[in-house]
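J.: Below are the chains, spelled out letter by letter.
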Amino acid sequence: MSKVTIDRVSKTYEGNVEAVREVSFSCEDGQFLAILGPSGSGKSSMLRMIAGLEEITGGEILFDGKVVNRLTPSQRNIALAFESYALYPLMTIYENIAFPLRARGLKRSEVEEKVAFIAEELDLVDILKKKPSSLSGGHQQRVSLARALVREPNVTLLDEPISHMDQRVRAEMRARIRRLHDGLHLTTIYVTHDQAEAVSLCDRLAVLNFGELQQIGTVHEIWNQPANRFVATFVGEPQMNFLDGKIESPREVSMAAGERKIVLPYAGSVDRKYVGSEITIGLRPQQIILSMKKENEGAIASTVELIEFQGENAILTVKLSHIESIEVKVVIPGEKVGQIGESVWLKFSPDIIHLFDKQSSILHPET
Amino acid sequence: MAEVRLENVTKKYGRKTAVREVSFECKEEEFFSIIGPAGAGKTTILKILAGIEKVTSGTIYFNDRPVNELPPHERDVAMAFESYNLYPHFSVYDNIAFPLRAPKRTESLSPQDERQRVEEIAEFLGITSLLDRRPVQLSGGEKQRVSLARAMVRKPQVYLLDEPIAHLDARLKFSTQTALKKLSRQLGTTIIYVTHDYREALGLSDRVAVLRKGVIEQIGTPEEVYHTPSTDFVARFIGDPPVNLTDGQIVTKDNKTFLVAGDDFTIQLEKGLAESAKGRAWQEGDKRVVRCGIRSSHITVSRDKISDNSFQLPVYAIARSPQGPLCTFELNDSFLQANIDQGIYYDMSEKVWLDLDQDHLLFFEKTMDISKK
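Sequence lines, in order, name chains E and C. Residues in the first sequence are numbered consecutively from 1, following our numbering. Residues in the second sequence are numbered consecutively from 1, following our numbering.
In short, the hints are calculated from the structure, not lab data. Glycine residues also receive a C-beta, built at the ideal position from the N, C-alpha and C atoms. Worth double-checking, as some hints may not be accurate.
Stated by the list, open to error - Derived pair list, reagent style EDC-like, types lysine to aspartate or glutamate, alpha-carbon separation capped at 20 angstroms: (1) C:Lys182 - E:Asp126; (2) E:Lys336 - C:Asp359; (3) C:Lys173 - E:Asp182; (4) C:Lys173 - E:Glu113; (5) C:Lys372 - E:Glu305; (6) C:Lys351 - E:Glu121; (7) C:Lys372 - E:Asp166; (8) C:Lys213 - E:Asp166; (9) C:Lys173 - E:Glu197; (10) E:Lys336 - C:Glu223; (11) C:Lys182 - E:Asp123; (12) C:Lys372 - E:Glu327; (13) C:Lys173 - E:Glu324; (14) E:Lys336 - C:Asp240; (15) C:Lys182 - E:Glu95; (16) C:Lys372 - E:Glu342; (17) E:Lys336 - C:Glu28; (18) C:Lys173 - E:Asp123; (19) C:Lys182 - E:Asp166; (20) C:Lys351 - E:Glu305.
As the list claims (entries may be wrong) - Taking CB as the label site, the calculated pair distances span: (21) E:Thr72 - C:Lys16: 31 to 39 angstroms; (22) C:Val136 - E:Lys294: 49 to 57 angstroms; (23) E:Ser249 - C:Glu25: 53 to 61 angstroms; (24) E:Ser361 - C:Ser175: 22 to 30 angstroms; (25) C:Lys16 - E:Glu113: 30 to 38 angstroms; (26) C:Asp369 - E:Lys107: 25 to 33 angstroms; (27) E:Asp357 - C:Val136: 35 to 43 angstroms; (28) E:Phe210 - C:Ser307: 53 to 61 angstroms; (29) E:Glu55 - C:Lys16: 48 to 56 angstroms; (30) E:Asp357 - C:Ala166: 32 to 40 angstroms; (31) E:Ser361 - C:Arg133: 29 to 37 angstroms; (32) C:Thr17 - E:Thr12: 36 to 44 angstroms; (33) C:Asp369 - E:Gly183: 25 to 33 angstroms; (34) E:Pro265 - C:Tyr87: 50 to 58 angstroms.
What the hints assert, rightly or not - Computed far set for chain E versus chain C, every beta-carbon distance over 12 angstroms: (35) Gly183; (36) Val219; (37) Tyr274; (38) Ala314; (39) Glu327; (40) Lys329.
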């Protein structure tokens, strides 16, 4: 398994279409990394360049420190599993999985051993003699994955491999993929537009937009210290609340309507030159604390406007009593959903407040 | 505002039965959802209500009046379908305003009132900036919101909405769902809503009907269908991570009742639960077997034994879920998933203790295959 380094990689298509611009990041040996972005963000071009399916316009891709720009996909020893399965229809499942091993001239006994192992891991033992056409979509996808992984690749690339499965199969596939990654010590790069999928599976996320890297970091870092408003918006469902605000002092921000004002202490420290500036305050619905009584100093009196029960949790739309034009969404556990019109208290802890300037960049460097 | 009632409605296409003996009552001003997987017959029911399809047998009532023979335009319903059906040569504004201008409408609006109504609904659904565009200039998600706006611009007896937000990306879905819920509360009109997405149904509805192969499995409030599903199918269809299901043998010994599933899983059932388990059990050879279910949030995982009912399993894998890290185990032929605390990590194959919160154990008869495959 290899460390993958992307060093100032660019991709320009005919007609000067820049799909990827000077992107740099790395995926350590054994790491599970997601390349995450909306459609048109350049994530598929990125994947195809790593796989060797597409030429690199500028920059270098390195596996374990060696430049692979000019190597073919098979020389790079990459495992690729795409959303479309592309199994050989006339071969049995066994033959499909064994194909890359036989192509390499492995001994029969070795082939048998490796196929048996991967078939066991992916629960395919019972269907090895069948043809692809007789299998369900979920099965076909697992066969495709087995075929990709059987030859112990340097890097495993997964392109939206489970996005069109139903939710039950998805939950199972996540567990299977994670087990394969950990058990086989793979280096895995997972390309997806689905932030929930990326957050559930991967250790680190590389977030792309318009061909540029927005941020690379652990799931925790991306969630708690988004680099800019795009990352803050793209990761997390329901999305972050954005409220108009103003810097009162280096450690205080405020929200106001007419004469009425709410001042919030802020855990970071803003440069003095910004005091008085109009900014946007970002608050994750999952991090706001809601209580029925005033348990916290600085809790804000509010009223529940709307309740969307979601099973495991519920999304509440809550209006601040002091400034009724301000509404925020709050996610609470599904067991204690209250009533519409109920009075509640909201606590915006100083460390959950994100500040964005009018250019949508994050305002403070660190707490 | 109509009350809508279906009585033993069956719809057959040739020899195929799409909807079988379906009965439900949707009260005035109620937001009523029909959910189920593809092919369950959801859209067929909406088409029957709209008058586009005729029932094979059974009766539909709007405010106690049978409407089986009433053509669509006399039923006073507004519809939004998954396929948007926008008029390509009209602007977005004219598309949305169209139902207000239709000749059969008795109430005619002044141009000012029309504009106000269209702008109001566009604002609600976040499409104000699109009003001057043509449908070809719109993305799928935008077309879908225009289609929804067109359906909701006037006040009919009943709204019939078929997957109206299915094609929106995840973030837009959340915000449009909230907008739709606000709108429905403001309008106070009866809404019948079809979706395959349980989150939409739970979030929006007063009550939900779960449809499977043309038959209703359960009707209840969102809380009821989530917390007390009537069948294994309903339990599996609602919730993510999906509910854990496993079949266990009921063993009675020394006046105590145990549930045994494979070599690793034995728990003693409290008295009330034992009765409920026996009530759902079936015979397999000389064994009494019952299907048991529990949600991932109602299982505690620990390195230490928690109670006399704890049992040990090796960790299969750890991933995450919106509720935090999710630990997967193998139990019999299926997976078992449990939420674990943030920051705790177990090694793959490490044996840990599991403890089920018996207050949240569910028992079912067997109506589907649950083995992982």
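J.: Any hints this thing doesn't respect? Which numbers, in order?
T.: Going through the list in order, the structure violates hints 1, 3, 4, 5, 11, 12, 13, 15, 16, 17, 18, 19, 20, 21, 25, 26, 32, 35, 36, 38, 39 and 40 and respects the others.
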